[in-house]
Amino acid sequence: MQAIQSLAVVGAGTMGTGIAIVAARGGFKTLIFDQQPGHAQRVVDQAMAFFDRSVSRGKMTVPERDEVIARMHPVEHLDDLADVDMLIEAVFESLKVKHEVFQALNRVCKPSCVFASNTSTISITEIAGGSGREDRFIGLHFCLPAQLMKLVEVSRGLNTSDDTFKRAWDFCEQVGQRPVQTQDTPGFILNYFLIPFNNDAIRLVEQGVSTPADIDMAIKTALGYAMGPFELLDLVGLDTQALLCEAMHGLTHERRAACPPLVKRMIAAGRLGKKAGIGFHIYSDKKIFGA
Amino acid sequence: MTIITAGLSRSFPQPTQELRARIEGDPSLMMFLGDQAGREYGNWLRSGEKGYRDLDLVLIELDLDCLGEHTGEADGLEGSTVLGFARYLLGQEPTPLIELVRQTQSPDQAIVKARDCFEALGYKVAVCADRPGRIVDRLIRPYLNAALRRLDDGLASAKDLDATLRMGLGYPEGPIALLHRMGLADHAKRSAKLADALGDSDFIPARRAQVALLREKER
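Chains as they are written, first to last, in this note's numbering: chain A, 24 to 314; chain B, 287 to 505.
Think of the hints as simulated: they come from the structure by calculation, not from any bench.
You may find that some hints are simply not true.
Only part of the chain A face toward chain B is listed, based on derived beta-carbon distances under 7 Å [claimed, not checked]:
| id | residue |
| --- | --- |
| 1 | P60 |
| 2 | Q64 |
| 3 | L213 |
| 4 | A224 |
| 5 | E229 |
| 6 | G231 |
| 7 | P235 |
| 8 | I238 |
Even glycine gets a Cβ: it sits at the ideal position worked out from N, Cα and C.
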């Protein structure tokens with residue numbers, strides 16, 4: 024079995040940024056690619072801001088920060104990913120988009136490269152089916168914010184090889200994450216429960232039962248959760264929640280997974296959550312979470 | 287003014303000195319406690335006792351009942367200085383949360399007064415409309431039922447389900463551990479009542495909860 028030495032993250036959004044931080048912090052040379060020019064560099068800038076806060080809080084030294092940042096390499100061309108040992112995709116939650124991305128990557132990457140998807144709802148077997156390397160394909164679902172949360176849901180597709188599973192599992196452990204094996208079912212474990220739970224909370228607001236602030240406070244106080252459902256939704260992004268609902272409801276047809284109309288209205292109004300400065304709550308700080 | 291207790295109170299089984307001092311030290315405030323609180327409020331109202339009109343706030347403890355059962359409703363225009371409340375319990379364990387129940391026309395002054403009263407005693411107050419299950423039960427009962435159903439489906443072991451939600455979301459405990467803390471049979475009872483009240487199948491207790499309830503009844 025060939026161990027993973029170098030890694031690429033494809034997609035420079037919130038999840039891609041968190042995964043790149045985890046990989047670089049874990050000692051891996053980490054290439055970052057996004058089809059939007061400049062977005063890969065933005066990941067490094069955000070990582071620097073994240074680690075600056077870690078330094079200011081005494082969690083790491085300046086040389087340690089610089090060492091981690093030096094492992095992060097933004098690249099502008101797919102061809103630059105030709106030699107990586109593993110690639111984690113964190114692009115738009117659409118089967119069609121993911122197939123297009125993986126087909127392009129399959130033409131470029133070396134045959135031994137393991138393809139991983141950070142999808143949280145779409146079937147790994149289905150994505151793998153359009154990747155050109157079903158046996159070297161696996162689901163690695165990091166949790167938001169990836170730079171802080173230790174869990175990775177590891178899901179095999181029907182044709183994932185044992186070797187691929189082992190390499191991906193070992194990688195997770197090497198970067199200090201806690202892998203949990205899940206079935207290739209919609210939402211795996213985490214989102215199967217989280218998406219309907221958050222939708223139920225949104226419906227309470229739609230029905231005038233309570234306000235986001237009071238619901239967040241009630242859940243945190245009664246259950247000891249670190250974040251209320253609306254704080255989490257704002258962090259995930261309302262546009263992402265809509266996509267997650269679409270993907271999961273499309274597969275399961277479970278009523279609770281259907282996107283509440285309020286989410287669509289908020290997206291139309293630009294109230295996407297923390298990244299927009301306003302969602303269910305108002306934010307003055309758009310920096311990524313934690314240190 | 288006073289606390290009138292009728293039956294067993296879930297929120298305050300033994301009212302503290304602080305609670306008594308707070309309520310009894312305020313001549314414009316009255317509290318009905320116990321599982322018969324709403325009925326006792328009705329009796330008190332019918333008795334025509336003087337002073338009702340002078341009260342700024344009457345608090346009625348609720349369980350799975352709605353405030354409207356005790357105050358009456360008026361085509362969406364109901365609301366007075368009478369509010370409902372319930373301290374949230376995880377099974378038998380009290381939490382610091384008070385769900386404060388208002389009606390559509392409940393005056394803001396009454397809500398502010400009630401919130402101030404509970405917060406002064408160290409509780410956190412979430413205001414909600416007069417609907418079955420209020421906030422927390424409306425959200426967690428379907429989640430807990432789903433967890434039990436997926437456990438039956440073999441999605442993952444109870445240990446992995448709990449570990450995933452704990453590590454992935456930072457929850458202090460997963461759904462199965464939470465259910466054990468709350469009591470499976472208690473969950474079945476409360477979820478079944480909400481299923482009836484809301485007509486929502488997601489509240490129908492999952493098989494494992496129903497089994498626990500049956501076994502409890504047999505004992």
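Looking at the structure, which of the earlier hints fail to hold?
Result: hints 1, 2, 5, 7 break, sorted rising.
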